[in-house]
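Throw the hints in and build the complete structure from the sequences for me.
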Amino acid sequence: MPKMNLVSAVNLALDQEMAQDDSVVVLGQDVGVNGGVFRATVDLYQKYGRQRAIDTPLAESGILGTSIGMALAGLRPVCEMQFSGFSYLMAGQLEGHASRYRQRSMSAFSVPLVIRMPYGGGVRALEHHSESREATYAHFPGTKVVIPSGPRNARALLVASIRDPDPVVFMEPTRNYRAFKEEVPLEEEVLPLGKAQVVQEGTELTLISWGAMLRPSLAAAEQVYQRRGASIEVIDLLTIAPLDSDTLADSVRKTGRCVVVQEAPRGFSVSSEIIARLNEKVFLYLEAPVKRVTHFDVVTPYFGREQLFLPTPLRIARALEETLDF
Amino acid sequence: MPKMNLVSAVNLALDQEMAQDDSVVVLGQDVGVNGGVFRATVDLYQKYGRQRAIDTPLAESGILGTSIGMALAGLRPVCEMQFSGFSYLMAGQLEGHASRYRQRSMSAFSVPLVIRMPYGGGVRALEHHSESREATYAHFPGTKVVIPSGPRNARALLVASIRDPDPVVFMEPTRNYRAFKEEVPLEEEVLPLGKAQVVQEGTELTLISWGAMLRPSLAAAEQVYQRRGASIEVIDLLTIAPLDSDTLADSVRKTGRCVVVQEAPRGFSVSSEIIARLNEKVFLYLEAPVKRVTHFDVVTPYFGREQLFLPTPLRIARALEETLDF
Amino acid sequence: MPRKEIGPFFVTSLQILEPDGSWDETLEPDLSGDQLLRLYRSMLLGRQADQRMLKLQRQGRLGTFAPSTGHEAAHCGPVLAMTERDWFVGAYRELGARLMRGESLENALLLYNGFEEGNRSEAPNTTPVSIIVGAQYLHAVGIAYAMRYRGEKNAAAVVFGGDGSTSEGDFHEALNFAGVWKVPVVFVVQNNQWAISVPLRLQTASDTLAQKAIAYGIGGIQVDGNDALAMYQATREALDRAYSGEGATLIEAVTYRTTMHTTADDPTRYRSQEEVAQWEARDPLVRMRRYLETKGLLDDQQAQALDEAVQAEVERAVQAFEARTGFPPDVPFDHVFGTRHAEIEEQRALFLESVRWEQIAREHDEPGDLAPREVGHA
Amino acid sequence: MPRKEIGPFFVTSLQILEPDGSWDETLEPDLSGDQLLRLYRSMLLGRQADQRMLKLQRQGRLGTFAPSTGHEAAHCGPVLAMTERDWFVGAYRELGARLMRGESLENALLLYNGFEEGNRSEAPNTTPVSIIVGAQYLHAVGIAYAMRYRGEKNAAAVVFGGDGSTSEGDFHEALNFAGVWKVPVVFVVQNNQWAISVPLRLQTASDTLAQKAIAYGIGGIQVDGNDALAMYQATREALDRAYSGEGATLIEAVTYRTTMHTTADDPTRYRSQEEVAQWEARDPLVRMRRYLETKGLLDDQQAQALDEAVQAEVERAVQAFEARTGFPPDVPFDHVFGTRHAEIEEQRALFLESVRWEQIAREHDEPGDLAPREVGHA
Ligand SMILES: Cc1ncc(C[n+]2csc(CCOP(=O)(O)OP(=O)(O)O)c2C)c(N)n1
Ligand SMILES: Cc1ncc(C[n+]2csc(CCOP(=O)(O)OP(=O)(O)O)c2C)c(N)n1
Ligand SMILES: [Mg+2]
Ligand SMILES: [Mg+2]
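Residue numbers (my numbering), protein chains in the order written: chain R, 102 to 427; chain B, 102 to 427; chain Y, 2 to 379; chain C, 2 to 379.
None of these hints come from the bench; they were simulated from the model. There could be a bad hint or two in this list.
Computed cross-link-like contacts, DSSO-like style, restricted to lysine-lysine with a CA-CA straight-line distance of at most 27 Å [as the list claims (entries may be wrong)]:
#1 Y:K296 to C:K5
#2 Y:K183 to C:K5
#3 B:K382 to B:K296
#4 B:K104 to B:K296
#5 B:K148 to R:K355
#6 C:K183 to B:K148
#7 B:K382 to R:K382
#8 Y:K183 to R:K148
#9 Y:K154 to R:K148
#10 R:K104 to R:K282
Structure (structure tokens):
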């Protein structure tokens with residue numbers, strides 16, 4: 102198996118899906134000749150031509166709106182928002198049409214499309230390039246939200262998203278684009294949407310995270326294990342919506358304690374919903390309040406201060422210990 | 102004190118603020134000559150002229166974007182989204198500018214403006230006219246979200262919102278526009294933003310709701326009181342963000358039980374955050390899981406089925422009893 | 002380059018039928034009697050259905066809708082020029098056109114009674130009512146892109162909207178994408194002078210809507226939108242351009258809604274009766290009927306028979322609509338996603354439980370309060 | 002109306018200075034030597050600051066930014082025509098113009114080193130860098146509305162953007178609102194031929210950007226954007242129109258960014274060195290300098306002295322920037338809202354606690370890992 106980083110894994114998924122299904126097209130700003138500002142679509146223009154790797158005008162609503170039309174007429178567009186920070190410009194098309202067409206037409210029409218977007222902090226970027234707002238789209242019924250954490254699951258989830266019959270917001274953690282490599286099989290590999298993954302088994306506490314937060318979470322779990330031998334179960338959410346609350350609840354039923362780590366601001370977020378679901382499903386098993394390690398409810402600061410606001414292994418480890426000691 | 106309905110109370114607040122401060126202007130689709138499709142801005146055009154009650158072109162992003170400019174230059178625009186269902190078209194201007202200008206400029210600039218929008222179901226309206234998506238905007242840091250429940254607090258909160266130095270999303274429950282009247286003083290009355298209100302004291306359970314859900318919540322509390330004498334404390338949230346979690350926590354610390362009622366879909370919503378905050382603040386006081394009565398995570402159905410999906414006194418009462426009996 | 006003029010730029014205007022029913026023979030399209038009668042019948046059906054719906058709404062038997070009286074030529078003319086291969090991408094004020102495309106009036110009634118079932122249309126390549134002003138233009142451009150990508154011949158997307166919709170960013174983005182992509186799409190803007198209470202001059206400072214085409218390098222034409230022949234002809238030409246790879250056209254149809262914006266609107270608040278009367282004198286149906294009469298395609302007796310046939314068709318649809326049952330309450334759970342998810346099914350169970358409680362409560366406490374027909378048919 | 006032409010529509014084009022420094026005397030603006038030298042000095046400062054920043058960025062001493070080399074005439078020319086009463090509403094590629102408005106280079110450096118403190122500008126009526134493409138046009142229209150509402154005389158808003166920004170819905174909505182409201186606003190579109198890797202012909206099928214004005218009933222002019230005099234003159238005329246109540250103007254400044262889109266971009270992936278070279282031959286600074294020389298306003302010696310003075314100014318700013326300290330970590334909590342809220346203060350306490358832990362951990366485990374200067378100065 103070749104080793105590759107997350108960007109290359111995304112590119113592999115796109116390339117292979119385009120090769121085997123000519124209804125798959127990619128579109129967005131700079132996705133053609135330039136291969137995307139992060140090079141996620143590199144070489145697709147050269148391989149599949151400008152009709153399938155489409156450099157669009159600079160208009161996010163236009164990109165999603167035309168993608169919806171393509172999907173209605175039988176294509177499977179994979180459109181790119183250059184940064185998630187600009188994706189709010191397409192929120193009207195997403196909330197109003199992509200996520201509703203199936204229900205509106207009682208499944209006579211569906212809108213199988215993927216909206217890829219880099220998101221998240223830690224890369225010393227300009228304003229609007231570091232936010233993590235998965236909760237915004239997760240709250241729209243009819244919309245799936247998927248966030249890979251590494252190259253291998255990025256590839257397998259993106260393939261699943263492209264083949265999915267409904268709109269999928271596919272958020273890629275910028276910070277992990279080139280941070281590390283993993284072995285990724287060249288043969289087909291698909292991960293089901295709507296399923297969280299237990300990436301490390303444990304018995305004393307459940308640690309839930311996704312995207313770029315998985316690695317600091319694992320590091321923190323390791324620190325705490327080293328320090329006191331605590332057995333921590335680590336879950337990678339992978340699909341944000343619809344939430345796989347059963348996997349989370351099963352774990353917490355076993356461990357009785359839970360910490361949720363997210364990059365996003367705290368209020369009205371994915372961690373809020375996770376806690377609400379645990380409250381509903383495993384209230385009697387909870388031996389401590391579910392703790393969260395998050396960004397704060399401030400306007401995302403410029404990069405000079407960003408590291409102070411992002412969860413770090415240290416912050417996570419402290420939350421783990423406080424929860425274990427509760 | 103004259104009795105008036107919620108629309109008239111909104112109109113009163115606008116009228117009085119415009120009368121005393123010439124920096125206040127209203128703008129939006131049909132807000133001028135027509136007085137708004139719900140008549141919330143009626144007569145303002147006649148009283149203050151077309152420069153202050155502005156019929157804009159049909160463009161939500163344009164309405165908020167120009168309002169931001171007005172606010173930067175010293176006005177206090179109160180803009181109207183004709184229905185909250187179309188407000189996603191201005192999400193880019195809200196997330197990207199209105200809510201960020203203060204932090205971006207370290208308070209050298211601020212954007213004192215109000216975005217009024219009717220929201221919510223129960224009025225047999227067309228598609229896009231019945232949603233309740235306060236969580237979407239509550240999750241944007243730097244944005245306040247306010248939801249009145251009746252005429253009197255609508256007036257007092259709208260005055261506070263207009264005078265507030267920051268952008269306020271002011272969501273008005275369509276269903277309560279003309280549903281009932283209350284006495285509203287003609288003299289100045291202002292309610293602080295960021296404060297929830299205990300509207301009925303009780304000792305056994307805390308029932309939290311806002312907007313159009315307050316009345317069915319009160320009805321359910323009354324039913325349960327009649328049936329078994331249960332003493333239920335009812336809280337009207339009033340400000341969604343920033344959340345007044347202290348008032349909620351104080352109440353639950355006393356009662357030990359809690360039910361949250363919202364019109365919005367369940368996932369990643371305001372109820373999720375309330376539960377998360379209670380988990381953080383009063384975990385040891387909770388004698389039962391916090392129960393929620395909500396819409397469901399389906400694409401909002403057309404009005405033929407809408408009543409089945411909205412919380413009713415019966416559904417709320419059952420949740421109360423289940424929580425009391427837990 | 003010192004100081005020079007760039008230009009000149011032009012757009013075209015077109016009218017064939019005069020309000021009095023006379024016409025310009027050099028421009029008269031080559032349509033068979035059957036085609037002309039189909040056009041007129043569709044306009045008539047749209048009109049009568051509209052007026053029947055207004056009555057139903059006033060009686061509380063139908064929800065809010067946007068009447069289309071006055072618009073019949075503007076949206077039926079284009080449909081006559083279209084084939085089933087072409088996509089019809091409508092907004093919300095094209096009832097006659099939708100029926101002409103093959104949607105059933107019964108379904109339309111169901112839709113405006115609050116049931117998605119009304120959108121389950123038999124009409125080919127026809128999208129459901131789209132309420133978000135301006136959004137649908139982009140869908141049409143995407144559809145057109147897909148059609149060209151698939152190499153479909155003699156096929157284009159025709160998309161409808163109103164004068165107010167030209168202010169939305171999505172309108173602009175759609176025309177711009179269409180220009181750059183040179184895809185087979187026709188934009189029909191029904192300029193009925195008003196966007197609810199906002200008159201055209203507060204909507205844009207542009208003299209015509211047609212000239213907006215100049216900003217996008219696409220074709221532009223202003224058409225008398227109450228002239229069904231001109232609307233047919235302009236669409237015919239735009240479709241031919243589209244079919245032959247020449248790209249997009251913006252058609253401004255100058256028309257008027259002679260009644261309220263929606264049944265919730267009171268137009269007397271913002272416009273004069275004189276203005277309405279002036280436009281009523283330009284009624285698209287009257288003009289078309291005069292044309293057919295002069296051509297000898299319709300005499301008084303035939304006209305009356307047609308009127309009655311259309312009226313009977315409308316009544317049949319109303320009856321069928323009112324007899325409809327079978328609206329299971331949990332249908333929305335079936336159409337959140339095309340795949341099943343535990344979270345959604347868990348909520349469906351909760352939902353059905355609460356529907357049962359409500360039903361039991363109703364049976365016990367308030368017998369006969371709701372129509373017994375069907376849970377969900379409020 | 003049968004079939005007729007609507008039009009003709011025109012826009013204007015303007016160039017005063019030729020690339021070789023010669024000029025059209027009939028068009029030459031009436032500017033004093035001081036004004037001309039101020040203009041040239043500003044362009045030079047913009048250029049030198051830009052190139053110094055690029056070095057700093059390459060050395061890892063500055064974050065990502067969007068270089069403005071090549072754009073100096075397009076954005077400094079307009080500022081010369083403006084007064085402090087006018088609002089400057091910029092995007093992100095107008096460094097020279099910002100410095101000319103009174104922003105400090107030290108602040109600009111701070112900004113691109115990731116500190117909001119860099120936006121605390123002394124420049125009057127000048128909005129901070131705005132990154133979301135197209136959004137700022139609407140702000141300018143709102144500002145212009147407020148200015149007119151307040152009865153401010155001889156005052157307008159001048160807003161900047163790029164060719165790519167004309168595709169955004171917000172651009173359209175802004176020009177449309179400006180047309181309807183007839184407010185004092187000038188839109189300066191710096192058409193530098195590229196939006197990152199997307200060339201103009203994939204951005205719009207319109208022949209010029211200036212002609213987009215026709216869609217909104219506002220003035221439109223295409224200007225040689227490497228000609229500082231023409232940019233001054235076009236803005237002067239647009240401002241005069243605005244001041245006298247004649248409304249908005251769209252100025253298309255035809256220019257080129259001779260370097261990368263941002264420091265993260267590699268332009269060799271999408272455009273040829275020949276194209277770049279062609280445009281470098283039209284350098285706005287060279288042209289302006291030749292003009293000043295011919296006019297006898299600048300000789301070689303003065304030019305060299307100016308160069309050195311500007312370079313020294315840049316160095317002073319770099320030094321001041323690098324010496325800056327005092328960046329309290331919790332500043333963002335001060336600027337969420339203009340009022341205090343318990344929730345925010347609760348989080349501030351949590352935050353400060355975590356900053357302390359991190360600091361302690363750093364001191365114990367990894368001494369010297371971060372610069373000791375200041376918490377928050379990463
Ligand atoms: C994005 C959006 N904003 C607001 C509305 C509310 N609304 C419905 S129709 C309408 C006016 C539309 O005017 P126009 O485009 O001229 O079409 P007409 O109704 O006159 O046919 C408005 C403001 C909406 N449906 N969508
Ligand atoms: C709404 C939005 N979408 C995407 C981006 C990413 N982006 C930054 S600059 C740019 C290209 C802008 O091109 P143009 O308007 O021509 O200005 P230029 O950079 O050439 O000066 C893009 C796509 C953005 N900043 N904002
Ligand atoms: Mg209209
Ligand atoms: Mg450009």
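Hinted pair, alpha-carbon criterion (27 Å max): C:K183, B:K148. Please report holds or violated.
holds (23 Å)
27 Å Cα cutoff - pair Y:K154, R:K148:
It holds: about 26 Å lies between the C-alpha atoms, which stays within 27 Å.
Next pair to validate is B:K104 with B:K296; report whether the Cα-Cα distance is within 27 Å.
With Cα atoms ~25 Å apart, B:K104 and B:K296 stay inside 27 Å; holds.
Within 27 Å, alpha carbon to alpha carbon, are R:K104 and R:K282?
Distance ~6 Å between R:K104 and R:K282 Cα, so the pair holds.
Pair hint outcome, Y:K296 versus C:K5 [Cα-Cα no greater than 27 Å]
holds (25 Å)
Would you mind confirming whether the straight-line C-alpha gap from Y:K183 to R:K148 stays at or under 27 Å?
holds (23 Å)
Mind checking the alpha carbons of B:K148 and R:K355 for me, to see if they're no more than 27 Å apart?
violated (67 Å)
Does C:K5 sit within 27 Å of Y:K183, going by the straight-line distance between their CA atoms?
Holds. Y:K183 to C:K5 sits at ~25 Å (cutoff 27 Å).
For B:K382 and B:K296, compute the direct alpha-carbon distance and say whether it is at most 27 Å.
holds (17 Å)
Is the hinted pair B:K382 and R:K382 satisfied, with a Cα-Cα distance of at most 27 Å?
holds (19 Å)
Going through the hint list in order, the structure does not satisfy hint 5, though it satisfies all others.
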